[in-house]
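**Student:** Can you make the complete structure from the sequences, with help from the hints?
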Amino acid sequence: MNEYTAQPPGLLSGLWATARRDLLLAWKRPGDVLNPLFFFAMVCTLFPLAVGPSAEQLEFSGPGVLWVAALLATLLSLNSLFLTDFEDGSLDQLLVSAQPLPILALGKTLAHWLTSGLPLVLVSPILAITYRMPGSVVPVMMLTLLLGTVSLSLLGSIGAALTVGLHRGTALLSLLILPLAMPVLILGANTVSLAAGNDVYTTGIWALGAYAVASLSLAPYATAAALRISNE
Amino acid sequence: MEGLAMGNYGAYVWSCFGLTLVVVLFSDWRARLRQRRVYRDIEVRIKALEERQ
Amino acid sequence: MWKLFHQLASPPHFYRLAAVIAPWLAVPGILLIAYGVYAGLFLAPMDYQQGDAFRIIYVHVPSAYLSMMAYMIMAISGGIGLIWRIKLSHAVAAASAPLGAAFTFLALVTGSIWGRPMWGTWWEWGDPRLTSELILLFLYFGYMALRGAIDDTAKADKASAVLALVGVVNVVIVHFSVEWWSSLHQGATLMRKDGPAMDPGMLYPLLAMILGFTFLFGSLLLRRVRTEVLFRERRTRWVREMILSPEGS
Numbered sequence: 054m055n056e057y058t059a060q061p062p063g064l065l066s067g068l069w070a071t072a073r074r075d076l077l078l079a080w081k082r083p084g085d086v087l088n089p090l091f092f093f094a095m096v097c098t099l100f101p102l103a104v105g106p107s108a109e110q111l112e113f114s115g116p117g118v119l120w121v122a123a124l125l126a127t128l129l130s131l132n133s134l135f136l137t138d139f140e141d142g143s144l145d146q147l148l149v150s151a152q153p154l155p156i157l158a159l160g161k162t163l164a165h166w167l168t169s170g171l172p173l174v175l176v177s178p179i180l181a182i183t184y185r186m187p188g189s190v191v192p193v194m195m196l197t198l199l200l201g202t203v204s205l206s207l208l209g210s211i212g213a214a215l216t217v218g219l220h221r222g223t224a225l226l227s228l229l230i231l232p233l234a235m236p237v238l239i240l241g242a243n244t245v246s247l248a249a250g251n252d253v254y255t256t257g258i259w260a261l262g263a264y265a266v267a268s269l270s271l272a273p274y275a276t277a278a279a280l281r282i283s284n285e
Numbered sequence: 002m003e004g005l006a007m008g009n010y011g012a013y014v015w016s017c018f019g020l021t022l023v024v025v026l027f028s029d030w031r032a033r034l035r036q037r038r039v040y041r042d043i044e045v046r047i048k049a050l051e052e053r054q
Numbered sequence: 126m127w128k129l130f131h132q133l134a135s136p137p138h139f140y141r142l143a144a145v146i147a148p149w150l151a152v153p154g155i156l157l158i159a160y161g162v163y164a165g166l167f168l169a170p171m172d173y174q175q176g177d178a179f180r181i182i183y184v185h186v187p188s189a190y191l192s193m194m195a196y197m198i199m200a201i202s203g204g205i206g207l208i209w210r211i212k213l214s215h216a217v218a219a220a221s222a223p224l225g226a227a228f229t230f231l232a233l234v235t236g237s238i239w240g241r242p243m244w245g246t247w248w249e250w251g252d253p254r255l256t257s258e259l260i261l262l263f264l265y266f267g268y269m270a271l272r273g274a275i276d277d278t279a280k281a282d283k284a285s286a287v288l289a290l291v292g293v294v295n296v297v298i299v300h301f302s303v304e305w306w307s308s309l310h311q312g313a314t315l316m317r318k319d320g321p322a323m324d325p326g327m328l329y330p331l332l333a334m335i336l337g338f339t340f341l342f343g344s345l346l347l348r349r350v351r352t353e354v355l356f357r358e359r360r361t362r363w364v365r366e367m368i369l370s371p372e373g374s
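Heads up: the sequence lines are chains L, P and Z, in that order.
First residue of the first sequence: 54, per the numbering used here; consecutive thereafter.
First residue of the second sequence: 2, per the numbering used here; consecutive thereafter.
First residue of the third sequence: 126, per the numbering used here; consecutive thereafter.
It cannot be assumed that every hint is accurate.
SDA-like, lysine to any residue: derived pairs with alpha carbons at most 20 Å apart [said to hold, decoys possible]: (1) P:48 <-> Z:360; (2) Z:212 <-> Z:136; (3) Z:212 <-> Z:273; (4) Z:212 <-> Z:138; (5) L:81 <-> L:132; (6) Z:212 <-> Z:144; (7) Z:128 <-> Z:210; (8) P:48 <-> Z:358; (9) Z:280 <-> L:225; (10) Z:280 <-> L:148; (11) L:81 <-> L:133; (12) Z:280 <-> L:274; (13) Z:280 <-> Z:290; (14) Z:280 <-> L:140; (15) P:48 <-> Z:365; (16) Z:280 <-> L:154; (17) P:48 <-> Z:367; (18) Z:280 <-> L:139; (19) Z:280 <-> L:223.
Derived from the structure by calculation, the hints contain no laboratory data.
**Tutor:** This is the structure we're talking about:
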């Protein structure tokens, strides 16, 4: 096989390549993955400390608190989505690559979700139990977090692309992303509350799923456009 | 004029109308101020360049 | 027709034209508002449920309407500037942000003040429109913050245009999701601000206010766009000639 007969790169090869690279980098720096998780746990601890540990209050506020904590932890980890690449010049390489930029952006976002959203989902039951969430509700909560964090990672990548390299980009990133994240928060937390109240909660799940799919189809393009703009 | 009392709700109604007036006037004032400042800054710079030539 | 369009998009033409048009917007606007205020406060019949407090509607609704219209203007002109690279378009977007934010703020405060006698509270999280309006304010702040953080004007224009466009989709989604959320947690406290069918005596002043405010907004926006254009074009020849010529402007 020489370069004339080798298979040309497929459409998604850029996606897997960037995802794999980021995953490898995350593997070498476990702190990047663990810190947001600890943050998540600590925020969940803050609420009972601030408002008191009464059982019914905990159970009542559980879905909301868990969701807000997950949102904040995701925000924290979004900051560095493009930052390290920006600083060492790899971002420029992505920009001039022959692969479509939306695909590359999606690859990075995929890696981000695998290293922040997914761990959050897996860790959430432990914290949910401390909030006295009934066992039947925990899977619903995990499902909402699963779908929600996908949307958050995708929407967040747009904000991260817009603010990469800006002075005081962190605060600005949060300011930009939070309004985008509010519908996800509303849907996620309230769906879990509905489930806790034995109400019909499937509409919320469908809505979250729709949001995730819509973000998946549209966000990479916005992120790519934002990356080009921030780095021209 | 009993109209001014607005049936006990006077404070609420008048403060709303008053605030609206204030915000609109303030916005207009700031816009004029900025316009004047921008114009003057450019004028100064251009006239200075003219002097030099 | 295209010639007119091209002329309009040319900064020096726009600069002169806008100065001519602005009074034609401001004067009718002020007259309509004057009528609206007088009729709304003194002529319109009292509301059955809310008494005279409902008259706040005459400033609250126009503000809320403008807050959303300004955002659409911001997003659409940003989009036009992004796609067709028309500099003037970006200037319009930049100019409309602070105006839109001001009216959003007004809508929120007048809404809050209206809520006090009606709901007994200064803020009602359960009202979907108030909450959506608050989120709109955050969107404006984010837009202005992003513009402020990027030094290069062209880059700031493009980045904020992307943000505004993403935000437009978000405004629609937020509105629906907040409504759903509010319906979940609704007590009996939600008051329908516009009541059932509106008595014409109440309606006409409201329409006058909305129209008048729109005209006024237009004239305010034109001034800000002119300033924006002047600033962006400060090093061009047409600006230099205009300033050096006897009447300048």
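**Student:** Please go over all the hints and tell whether each is borne out by the structure.
**Tutor:** Quick rundown of the hints versus the structure:
1. P:48 <-> Z:360: Holds, at about 13 Å.
2. Z:212 <-> Z:136: The given pair, whose Cα atoms are some 8 Å apart, holds under the 20 Å limit.
3. Z:212 <-> Z:273: 18 Å, holds
4. Z:212 <-> Z:138: 13 Å, holds
5. L:81 <-> L:132: 18 Å, holds
6. Z:212 <-> Z:144: With a Cα-Cα distance of about 19 Å, the restraint between residue 212 of chain Z and residue 144 of chain Z holds, given a limit of 20 Å.
7. Z:128 <-> Z:210: 17 Å, holds
8. P:48 <-> Z:358: 16 Å, holds
9. Z:280 <-> L:225: This hinted pair holds, its Cα atoms lying about 16 Å apart.
10. Z:280 <-> L:148: Within the cut-off at roughly 16 Å; holds.
11. L:81 <-> L:133: 15 Å, holds
12. Z:280 <-> L:274: Holds: residue 280 of chain Z and residue 274 of chain L sit about 18 Å apart, inside 20 Å.
13. Z:280 <-> Z:290: The hint holds at about 15 Å.
14. Z:280 <-> L:140: With a Cα-Cα distance of about 19 Å, the restraint between residue 280 of chain Z and residue 140 of chain L holds, given a limit of 20 Å.
15. P:48 <-> Z:365: 9 Å, holds
16. Z:280 <-> L:154: At roughly 19 Å apart (the allowed maximum being 20 Å), residue 154 of chain L and residue 280 of chain Z satisfy the hint.
17. P:48 <-> Z:367: 12 Å, holds
18. Z:280 <-> L:139: 17 Å, holds
19. Z:280 <-> L:223: 19 Å, holds
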